[in-house]
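Q: Here is what each chain is made of, one letter per residue.
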Amino acid sequence: MAVSKPTIGAPYYESEKESPFFSENVRAFLLFVGSLAVFLLLWELGARSGIFARGMPTATKTLEELWWWITHPFFNNGPNDLGIGWNLLISLRRVAIGYTLASLVAVPLGILIGISPIARKGFNPYVQLLKPISPLAWLPLGLYILRDSEQTGVFIIFISSIWPTLINTSLGVANVNKDYLEVAETLGASRLRTIFKVIIPAALPSIVAGLRISMGIAWLVIVAAEMLLGTGLGYFIWNEWNNLYIPNILVAIFIIGLVGLILDSIFAAFEKFVAFGRNS
Amino acid sequence: MSVVPVNSVTPADTYSPTAQLSLRNVTKVFHGKKDLFSQLAGKRTKDFVAIEDISLDIEPNTFVSIIGPSGCGKSTLLNMIAGLSDTTAGQILFNDQPIAGPGPDRGMVFQNYALMPWMTVEENVRFAVETVYPKWAAKQVNRTVKEHIQLVGLVGAEKKHPHEISGGMRQRVGIARALAISPQILLMDEPFGALDALTRGFLQDEIERIWEQQRKTVIMITHSIDEALLLSDRIVMMTRGPAARVDEILDVPFPRPRNRETIEQHPAYHSLKAEMESHLFRETRAVEAARINKS
Ligand SMILES: Nc1ncnc2c1ncn2[C@@H]1O[C@H](COP(=O)(O)OP(=O)(O)OP(=O)(O)O)[C@@H](O)[C@H]1O
Ligand SMILES: [Mg+2]
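Residue numbers (our numbering), protein chains in the order written: chain Y, 77 to 356; chain P, 185 to 479.
For reference, chain Y alone in the conformation it holds in the complex (with noise of 0.2 Å):
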């Protein structure tokens, strides 16, 4: 076997990959739409011989209904007959502002926590007794003390996303590398100075990765929380199962998936630009 074609003057390397149809991701590619299809046939001819529960969907029909909802997504008839796009930017506008109150306070509270040992010691008992409370248990709580399920909605994602920023920040904080703090310390740095310039730009890859838990937690909330609160996509769900109309249940759960799924890749995104070849 020839190992380079004489004729022209850089040497020829045979490419790594046999062929560029068949490179990796485009093995997975074909993986992922042949499972797809697979799995659809599958329900389609499940739901049509009545192997599943009754009422269940074809998956037609609850094709049909997706592209009905995506491609009419404002319209406004009343609280029980809402866009689906509506009712997801209420969603969002929901996550948007508890989820910025939250992160307000627990960014710069976790940076706080994280310089002084005596305050990690003396606040971690708090932390620890409230972060596994389930978002859902503060709700009657929010509704009594807030009289309005608007900001009770708010309240609950603030409550329940604060907790994963402020433990991941403290700890970034805290475990600064020893050497960029010698540095600065040799430099005859001031405390302020230190703190802005080296350790948190040197904790901000886990606080990044703070935000990101915490913006996941916001989103799985917000849906139980709304079934109990009215507008958003959570109720969406809660008011198509009082109709008792399963396609249309189908396509809002598709479409909370795919809206978490895109927050998470812009925080995935935000968490590699931060950084710069330090892995985690």
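None of these hints come from the bench; they were simulated from the model. Mixed in with the good hints, there may be bad ones.
What the hints assert, rightly or not - One-sided excerpt, in silico: chain P residues whose CB lies under 7 Å from chain Y:
1) 266
2) 292
3) 301
4) 302
5) 312
6) 315
7) 345
8) 447
9) 451
To be verified - The list that follows gives simulated cross-link-like pairs (lysine-lysine, BS3-like), each with its CA atoms no further than 25 Å apart:
10) Y:197 to P:227
11) P:217 to Y:254
12) Y:197 to Y:207
13) Y:197 to P:218
14) P:227 to P:478
15) Y:254 to P:344
16) Y:197 to P:323
17) P:478 to P:457
18) P:227 to P:217
19) P:400 to P:230
20) P:319 to P:330
21) Y:254 to Y:348
22) P:343 to P:323
23) P:217 to Y:348
24) P:217 to P:230
25) P:400 to P:218
26) P:218 to P:230
27) Y:348 to P:344
28) Y:197 to Y:137
29) P:478 to P:217
30) P:218 to P:330
From the three backbone atoms N, C-alpha and C, an ideal C-beta is built for every residue, glycine too.
For this one, chain Y is given, so just place chain P with the ligands on it according to the hints.
A: Structure of chain P with the ligands alone, referenced to chain Y:
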């Protein structure tokens, strides 16, 4: 033999009046855990005397290497000079003033480079300059940064981040950062320890070249006999720990500028090298023996 180096263990009571840095009876003890909690948990540890009663005078504009068996307390000694850790007893005088904490009059080069990964090469150097000289105009800062990037031969890599350059280049940044703040003393803790032999050789030549340009006081920790002989005016040999002391100080008489080939021709080269080898061999063997007896 006439060229045999002077064995000059400084007696504790004769201090040099011209010394820039003066260690006087410096002792470092790492205190063990003795609080009630550790006692109950059975985690009580004993005090560890790392360094005992070291006295050493360092004259201005000399290049001093510290060499000694692994774990003898070289880094501990350097960190005390840097002000990163306190002395347990004795004192360190810098220009006749006791050292009170770290400061930019001593520039530090770290073994693992300690560059900020989120800053580019240029920003790493700039951070140091801006921290030490907050009142400088932007123009002066820029000029200093540029000069030192040129000095260590990193022109063209200014905009790269540390993870995009090789270990040798990273340590060049470390050296540029330490020199850019124009410290009176340069402290280096095994600056080339993490580099391969070839890169290490290049950087040693580089240090020799830079030192010819600006003769600063340098204190360098090393494990390499050749490195110490190439660069130093004086070599401080430490005994093994615990309670490490200065065993012997060698004067290196080779004329400068030096290079690897010419110093080997010097009549004192081989006796100096043999002296250091036998010292290191003796101390390291004793460390190993102690370890075997313990287990
Ligand atoms: N913070 C600490 N607490 C307790 N013991 C310590 C501490 N730091 C260092 N030691 C001990 O002091 C001794 C000297 O350590 P040091 O790091 O100064 O050695 P070294 O000569 O720099 O070694 P190497 O050549 O491996 O870098 C070692 O035995 C080490 O275990
Ligand atoms: Mg060391």
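Q: Next step is simple, just say for each hint if it's right about the structure.
A: We went through each hint and held it up to the structure:
no.: 1; hint: 266; result: holds, 6 Å
no.: 2; hint: 292; result: holds, 5 Å
no.: 3; hint: 301; result: holds, 4 Å
no.: 4; hint: 302; result: holds, 5 Å
no.: 5; hint: 312; result: holds, 5 Å
no.: 6; hint: 315; result: holds, 4 Å
no.: 7; hint: 345; result: holds, 5 Å
no.: 8; hint: 447; result: violated, 32 Å
no.: 9; hint: 451; result: violated, 40 Å
no.: 10; hint: Y:197 to P:227; result: holds, 21 Å
no.: 11; hint: P:217 to Y:254; result: holds, 22 Å
no.: 12; hint: Y:197 to Y:207; result: holds, 16 Å
no.: 13; hint: Y:197 to P:218; result: holds, 21 Å
no.: 14; hint: P:227 to P:478; result: holds, 20 Å
no.: 15; hint: Y:254 to P:344; result: holds, 23 Å
no.: 16; hint: Y:197 to P:323; result: violated, 46 Å
no.: 17; hint: P:478 to P:457; result: violated, 32 Å
no.: 18; hint: P:227 to P:217; result: holds, 7 Å
no.: 19; hint: P:400 to P:230; result: violated, 40 Å
no.: 20; hint: P:319 to P:330; result: holds, 18 Å
no.: 21; hint: Y:254 to Y:348; result: holds, 23 Å
no.: 22; hint: P:343 to P:323; result: holds, 18 Å
no.: 23; hint: P:217 to Y:348; result: violated, 41 Å
no.: 24; hint: P:217 to P:230; result: holds, 7 Å
no.: 25; hint: P:400 to P:218; result: violated, 43 Å
no.: 26; hint: P:218 to P:230; result: holds, 8 Å
no.: 27; hint: Y:348 to P:344; result: holds, 17 Å
no.: 28; hint: Y:197 to Y:137; result: violated, 56 Å
no.: 29; hint: P:478 to P:217; result: holds, 22 Å
no.: 30; hint: P:218 to P:330; result: violated, 51 Å
In summary, the numbered hints that this structure violates are 8, 9, 16, 17, 19, 23, 25, 28 and 30.
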